[in-house]
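Order-wise, the sequence lines are chains G and C. For reference, each letter of the first sequence is one residue, going 1 to 148 in the UniProt record's numbering. For reference, each letter of the second sequence is one residue, going 1 to 101 in the UniProt record's numbering.
The set of hints was computed from the structure by calculation and includes no laboratory data. Glycine is no exception: its CB is placed at the ideal position from the N, C-alpha and C atoms. Check the hints yourself; a few may be wrong.
[Unchecked claim] Below, computed lysine-lysine pairings styled on DSBU-like, alpha-carbon distance capped at 30 Å:
(1) G:K129 x C:K13
(2) G:K133 x C:K37
(3) C:K37 x G:K66
(4) C:K71 x G:K66
(5) G:K50 x C:K37
(6) G:K102 x C:K13
(7) G:K129 x G:K115
(8) G:K87 x G:K77
(9) G:K93 x C:K19
(10) C:K64 x G:K50
(11) G:K87 x G:K66
(12) G:K102 x C:K30
(13) C:K30 x G:K133
(14) C:K71 x G:K140
(15) G:K50 x G:K102
(16) G:K93 x G:K59
(17) G:K93 x G:K77
(18) G:K52 x C:K30
(19) G:K50 x G:K65
(20) G:K102 x G:K59
(21) G:K66 x C:K13
(22) G:K129 x C:K64
(23) C:K13 x G:K133
(24) G:K52 x G:K115
(25) G:K87 x G:K115
(26) C:K71 x C:K58
(27) G:K69 x G:K93
(28) C:K13 x C:K37
(29) G:K135 x C:K71
(30) G:K115 x C:K13
[Claimed, not checked] These stretches of chain C come out as covered by chain G in the derived footprint (C-beta under 8 Å, 3 or more residues):
(31) 31–38
(32) 53–62
(33) 70–81
[As the list claims (entries may be wrong)] A short, non-exhaustive set of chain G residues, derived as facing chain C with CB atoms under 8 Å:
(34) I40
(35) E44
(36) D47
(37) K52
(38) F53
(39) N104
(40) I106
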Amino acid sequence: VPAGQILPANRNTPSPIDPETIQVPVGYEPDPADLALSSIPGQEMFDPRKRKFSEEELKPQPMIKKARKVFIPDDLKDDKYWARRRKNNMAAKRSRDARRLKENQIAIRASFLEKENSALRQEVADLRKELGKCKNVLAKYEARHGPL
Amino acid sequence: ADVFQSHEEDDRKVRRREKNRVAAQRSRKKQTQKADKLHEEYESLEQENTSLKREIGKLTDEMKHLSEVLKDHEKICPLLHCTMNFVTVPRPDALASCLPR
């Protein structure tokens, strides 16, 4: 096999390498305060390494058409009215909290990915260098003694 | 005089409300823009991440294959196995000593 073409023809098809399985040591320590802001108390702590965000989750939130503010005089503000207001206020708070949580999670994962990508780029550079050295030795050998 | 004052107050209220409305609108817009920018950066990081991992896979594969090829060759390499090759230049006196005196 000549040095310039290390992979034989039958390996030129894309090999089934699953990028998910590739791991590189990443020294990443998220700020515990940030982590706390990104985790729901009752559930597992948010893990930036595992949690991906799909396109669906990233697209901008649909604009809910807000009902026009109709002024309500005090005498019509009965219990039912206040019950409705309370319900809506709680829902609005939940919505805001969820949105804030999601944004925090995305920010942490983005910061983790920056670190990981930097480590991955280093790995690629190291591998290329290593591969270059091997191919060089092989080429020198083959130049003197013909193909392996 | 009272009516004038209350009109003025209403004016002020209306103006204040309008200012607040505009400020709130501006604030919401700023928030969504910030979020959109973050999402864009995040998406690009994910893609880069996947592509780097794929490349690492490819390169490791190539390394493995190459080292296998070299290992296989080691077993049959004429430079390593043929004893004749260890002699660099035949010494003239050695040759001469083979000839009948």
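> Any of the earlier hints contradicted here, and which numbers?
Replying inline: Per hint list: 1, 2, 4, 6, 13, 19, 23, 25, 28, 30, 34, 35, 36 and 39 violated.
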